[in-house]
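Required output: the full structure, derived from the provided sequences and hints.
Each chain is listed here by its residues.
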Amino acid sequence: MIKRNKTSEQLSAYLDGELSPAEAAALETALANEPALARELDGLRATRALVRRLPREHAPDDFARRVVARLERRSLLEPGLHEAPSPSRRWLWLAAAAAAVFLAAGVATYVALLMFPHGTPPVAHAPQSSTADQPIALAKAHEAPPRELFPVAAGGDGGEGPGRSAPGHAAAKAG
Amino acid sequence: MAGTSSGGEEAVSPGPIAFEDAVLVTRFRQGDMQAFGALVAKYQDRIFTMVLRMCPNRAEAEELAQEAFLRAMERIDQFRGQSRFYTWLFRIAANLTLSHRRRAGRVKFRSMDLLDESGGSQAANLADEAAGRHVVRPDEAAMALETRHRVLGAMDELDDEFRIVLVLRDIEEMDYDQIAQVLDLPAGTVKSRLHRARCALKEKLADLVGEA
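The listed protein sequences correspond, in order, to chains A and B. Residues in the first sequence are numbered from 0 upward in steps of one, following numbering that gives the first Met the number 0. Residues in the second sequence are numbered from 0 upward in steps of one, following numbering that gives the first Met the number 0.
Keep in mind that the hints are not guaranteed to be accurate.
To be verified - Chain B stretches covered by chain A per the calculated footprint, using a threshold of three residues with CB under 8 Å from any CB of chain A:
no.	stretch
1	20-26
2	30-43
3	63-72
4	78-92
For the record, the hints were derived by calculation from the structure and aren't laboratory data. From the three backbone atoms N, C-alpha and C, an ideal C-beta is built for every residue, glycine too.
Have a look at this one:
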């Protein structure tokens with residue numbers, strides 16, 4: 000039964016010239032010996048002919064004009080939409096981004112040196128948040144050694160140093 | 000998916016048509032809208048026919064065909080030129096059409112649209128013939144309107160995954176490898192689906208098949 004189904008499936012491929020010469024020869028032998036298989040092939044051929052005889056349709060006369068108009072309209076609404084960035088333009092953007100990062104890092108270092116010429120800022124001045132008031136800052140300063148507060152004050156991004164986990168951050172990541 | 004790279008492009012030896020398309024694509028990338036218009040004009044009938052055979056509502060088919068060209072042009076930088084442009088374009092159009100059909104829940108347009116499609120098509124063909132635009136093939140002229148209606152109706156009853164293979168093979172005349180590229184399917188699946196589609200159609204059109 001499986002062999003019969005497989006042979007039957009070969010019929011369409013045979014009609015379409017998609018069998019290898021060896022497969023085609025094997026199928027032709029089967030067709031010569033099995034009238035039912037040959038009838039099935041005739042039926043598939045006739046079915047294919049019916050579909051092939053369907054007329055080719057034509058797009059409306061102004062189809063191309065309308066597509067171009069739509070593309071131009073979209074281009075106006077979203078400038079650069081169809082402009083594939085050239086390699087040179089891509090490099091220009093990358094270079095500009097890199098320059099901006101270096102500039103920002105340089106300015107940050109310069110400001111840090113001006114503000115803390117001796118390296119370690121006074122603990123009481125370490126901001127805990129933009130809305131933190133002085134009593135809370137002082138209270139927190141007593142909860143942990145000053146050395147551990149410094150990276151938070153200087154970096155401001157929560158840090159990723161050893162031994163300092165950030166449960167909220169971890170939870171956010173896990174979530 | 001088997002058989003194609005992630006971008007769906009497979010290296011082909013460039014023939015004259017592929018070369019001509021590549022030139023137009025390059026010109027369009029450089030901002031030449033006339034090149035874009037030329038690509039649309041070149042493929043509009045084939046794309047429109049394929050979409051219409053999947054989605055028999057003419058207005059929807061036109062909208063989908065237009066959108067296919069727009070998407071292709073908007074993503075032209077993703078076309079690496081390793082496959083034929085037309086295969087890539089058909090892939091976009093086929094995906095768009097199949098997605099649209101899935102979203103629409105495969106609404107049956109048969110009762111009205113097939114009548115409209117058949118009648119509309121014939122009217123349009125007559126107008127085209129009068130204007131000297133439409134070249135009627137002998138076999139096309141021989142196909143009675145009623146027969147056409149029956150065949151289209153039977154195709155409309157096929158599931159989309161089978162119907163699209165039938166359309167690409169028997170109407171668009173793509174070979175199995177091209178169909179596999181367009182639909183991102185293994186060639187074996189294309190072969191199997193095409194056969195099943197033809198068998199189903201043969202059953203539905205048994206009386207016509209017997210006459211043929």
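**OP:** Report holds or violated for chain A covering the stretch 78-92 of chain B, Cβ cut-off 8 Å, minimum 3 residues.
**Re:** violated (count 0)
Subject >> Given coverage of the stretch 20-26 of chain B by chain A, checked by CB-CB distance under 8 Å (3 or more) >> reply: Answer violated; 0 residues pass the 8 Å Cβ test.
Subject >> Stated coverage of the stretch 30-43 of chain B by chain A [criterion: 3+ residues, CB within 8 Å] >> reply: holds (count 7)
**OP:** Report holds or violated for chain A covering the stretch 63-72 of chain B, Cβ cut-off 8 Å, minimum 3 residues.
**Re:** holds (count 5)
Comparing the model with each numbered hint stated earlier shows that hints 1, 4 do not hold.
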